[in-house]
Amino acid sequence: MEYIFVLAMVGLAAAMVGGGLFFSRLVAPHNPGGNKSVPYECGEQPIGQAWIQFNVGYYLFGLLFLVFDVEAALMYPWAVVFRSTGLPGLIEMLIFVLVLVIGLIYAWRKGVLEWV
Amino acid sequence: MIELLARHSPGLPEWLTLCVVLYSIGLYGLLTRRNAIAMLMAVEIMLNAAALNFVVFDRFSTNQQADGQVMALFVIVMAAAEIVVGMAIVVALYRMRGTVDINQMNSMRG
Amino acid sequence: MSIIIPEIIVLATAFAILIADLFMNERTRVYLAPAAVAGLLLALAVMVVHTPASGALIGGRFTMDAAGWWFKILFMISALIAVLLSMDTLDGRARVRVRGMGFRGEYYSILLFSVVGMMFLVSARDLATLFVSLELATLPLFVLAAWRRDDPKSGEAGLKYVVLGALASAFIVYGFGILYGLTQSTDLETIAQRLAGERAPAFWLAAALVLAGAGFKLTIVPFHMWAADVYQGAPTPVTAYLSVGSKAAGLAFAFQVFYRIFGDALPHWDMLIAIFAALTMTLGNLVAIVQHDIKRFMAFSAISQAGYFLLGFLGAAEEGVPAMLFYLLVYIFSNLAVFACIIWFENETGKGQIEDYRGLSLSNPLMALGMTLALFSLAGIPPLSGFVGKFFLFSIASKAGFHGLVAVAAVNSTISLYYYLRVVRQMYIEPVDERVPAPGSSVSIGLSLALLSVPVAILGILPTVYEGIHAATIAWLASMPQG
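Residue numbers (our numbering), protein chains in the order written: chain A, 9 to 124; chain B, 11 to 120; chain C, 2 to 484.
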């Protein structure tokens, strides 16, 4: 029965948001058009549509980030058991990181890291 | 309703249903979408459903080995690798063809 | 420790090539292929001379057994020949240049990564290692299929392969998840023990998902649809590797699944396997008849060959496993020999239709002879090795009581003889257009064809190889979990 307060809270929250919207609609002047319909009223002028092709450089960086991001996830279980695995565990992780470093060197030499 | 939810924490059947629903959404998306990127996204949903499956079984398993969570990590990593390869191919294909619509991928016929 | 050395050598070669490529110029990159060959030869030598046929590492998660030993040898031989066959195309020695085939360092290292994945696949004894190594074996194949960056067909092949391959992975990993849920273990042996007698609906769902994934890798009808487009669109040397490497890896995966996980239930699936086998060989054969593109033709030929492999799962494992391994050996040699000729012909003339092979017996009799030999072996004409391999497989199905299936297989063999002979007829019998220029020769391809033709011709006559495989299999089966 104590959850009745939660229900009341939900109702109150909805009423406040909905009421605010409704009230501002009631009293505020309503004349759309012009600069009001652009995404940012004060700031950069948007140029063209959002559905354009992005520079492929973003994509390469995204892929590179994805690989390293996910590999980092593999290190968490290792970190949890690091104390019990000791030196062999450390060496294994170093080999793992070495493989990643090779990948990074590869990307570097291929010029992926330079923004064009 | 809220009371019911508060008293009833989801058990194994509910979680498994979630996995199946996710997996089915992915499969449905793969079968209906014709955009290559959307298809890859659908496959990702399926793989993530499978990863969730492992975690759920691990959570409700009686042994404390955490094998399932480790499997889930591997599934995530493999899914990432798959998407990287897939996206690279899609981008290369787009440069050649100007489209990633799978319906137009019919240059080979027997 | 010594059981993992071949894998480490191949892996180290792959990384060394990848790094070396970054610091080389176009002229010195011709040494990359010999480096890959050297690495593979060294690994092969270590494997043959030094590696014991049993042992375990990492708490039993990586093990070596007799059947795995054979599989690894076959993977390395396939990769070795694939590198030899790729050299001309990649180094630009082809008379008709194949454009967009550059990036030699990446090509060879990715090829080697795929081999390492396959080698780990047969040694995996855990769902995690099994899944990761399966992905390591197939992900490079997606990349290789899409290798030609200026050829839309290659990209299309890669896209279809990656989408359907990822779907197969999703099937497999969801099936693995259910298996884990049923048994609360990721160790294959423990899973097999706890699955014994288990016939809950979840078991059937898991089995269906995993088997669908395995069927995809093995190109079993109805999971074959990717093969034709991928084989046709991929660069020809890649198709050569794909046709043998991916099939061998698929069979290795099927071995793991059938014998290690579902060993208990396998005898009850006879009828299902028989139906799939009949469907696969019939459909592959019927479609192959009407093909004109030789790579697409070889794709359907490969699909029908997968149907023959399935026959081996029907009978007792003591007979089925050596028969399948032996046929895999024969298939690898024969198929690679055919592809050696296809690659050479494409390099010299830039053509790939079956009709283009007209008059090859006059312009280059040795190549035509090698191709004929290999095609006859694939068709199963005695006394070539293909006949012996098929004979073993058919006799297993017959012993298991599937006489109707054997009849279907025999009819299919006859049909396949017809379409393999279509190519031979073009080379030997069709009237020659005298404007055919004499094609040149190639050292690496000629060498590989010679190396391949000998086993194609004599493997069936020499009993020692089959006996070796048979003995290895008995030892392997003894190591199986008794479900």
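Just so you know, the hints here were simulated from the structure itself, not pulled from any lab data. Each hint should be verified, as a subset may be incorrect.
[Stated by the list, open to error] Here are the simulated distance ranges between beta carbons:
| hint | chain 1 | residue 1 | chain 2 | residue 2 | range |
| --- | --- | --- | --- | --- | --- |
| 1 | C | G405 | A | Q61 | 53 to 63 Å |
| 2 | C | I9 | B | P20 | 40 to 50 Å |
| 3 | C | H269 | B | R44 | 39 to 49 Å |
| 4 | C | S442 | A | V64 | 39 to 49 Å |
| 5 | C | P383 | B | L28 | 54 to 64 Å |
| 6 | A | I113 | C | P383 | 26 to 36 Å |
[Claimed, not checked] Below, a list of computed lysine to aspartate or glutamate pairs in the EDC-like style, where the Cα atoms sit at most 20 Å apart:
| hint | chain 1 | residue 1 | chain 2 | residue 2 |
| --- | --- | --- | --- | --- |
| 7 | C | K400 | C | D294 |
| 8 | C | K352 | C | D271 |
| 9 | C | K352 | C | D151 |
| 10 | C | K400 | C | E320 |
| 11 | A | K118 | C | E27 |
| 12 | C | K154 | C | D271 |
| 13 | C | K154 | B | E13 |
| 14 | A | K118 | C | E320 |
| 15 | C | K400 | C | D271 |
All of these numbers come straight from a predicted model, not from anything done at the bench. Ideal Cβ placement from N, Cα and C applies to all residues, glycine included.
Quick rundown of the hints versus the structure:
Distance hint for G405(C) and Q61(A): a CB-CB separation of about 58 Å, consistent with the stated range 53 to 63 Å. Range check, I9(C) to P20(B): about 46 Å between beta-carbon atoms, so the 40 to 50 Å window is met. One distance hint, 39 to 49 Å for the beta-carbon pair H269(C) and R44(B), holds here, with the actual separation near 40 Å. The hint said 39 to 49 Å for the Cβ distance between S442(C) and V64(A), and at roughly 42 Å that hint holds.
Under the hint 54 to 64 Å, the C-beta atoms of P383(C) and L28(B), about 58 Å apart, fit the expected range. Take I113(A) and P383(C): their Cβ atoms lie about 55 Å apart, and the range 26 to 36 Å is violated. A C-alpha spacing of about 38 Å is found between K400(C) and D294(C), which places the hinted pair above 20 Å, so the restraint is violated. Proximity of K352(C) to D271(C) is assessed by CA-CA distance (about 43 Å); at most 20 Å being required, the pair is judged violated.
Distance check on the hinted pair: K352(C) and D151(C) sit about 18 Å apart at the alpha-carbon level, within 20 Å; holds. A hinted pair counts as satisfied when its Cα atoms are at most 20 Å apart, and K400(C) with E320(C) qualifies at roughly 10 Å. Under the criterion of a C-alpha separation no larger than 20 Å, the hint pairing K118(A) with E27(C) is consistent with the structure, at around 15 Å. Note on K154(C) and D271(C): the hinted pairing is violated, with a Cα-Cα distance of about 39 Å set against a maximum of 20 Å.
Taking the CA atoms of K154(C) and E13(B), the gap is about 59 Å. The hint is violated against a cut of 20 Å. Between the alpha carbons of K118(A) and E320(C) the distance comes to roughly 52 Å, so the proposed pair goes past 20 Å and is violated. About 12 Å separates the Cα atoms of K400(C) and D271(C), which keeps this hinted pair within 20 Å; it holds.
Checked against the numbered hints above, the structure violates hints 6, 7, 8, 12, 13 and 14; every other hint is satisfied.
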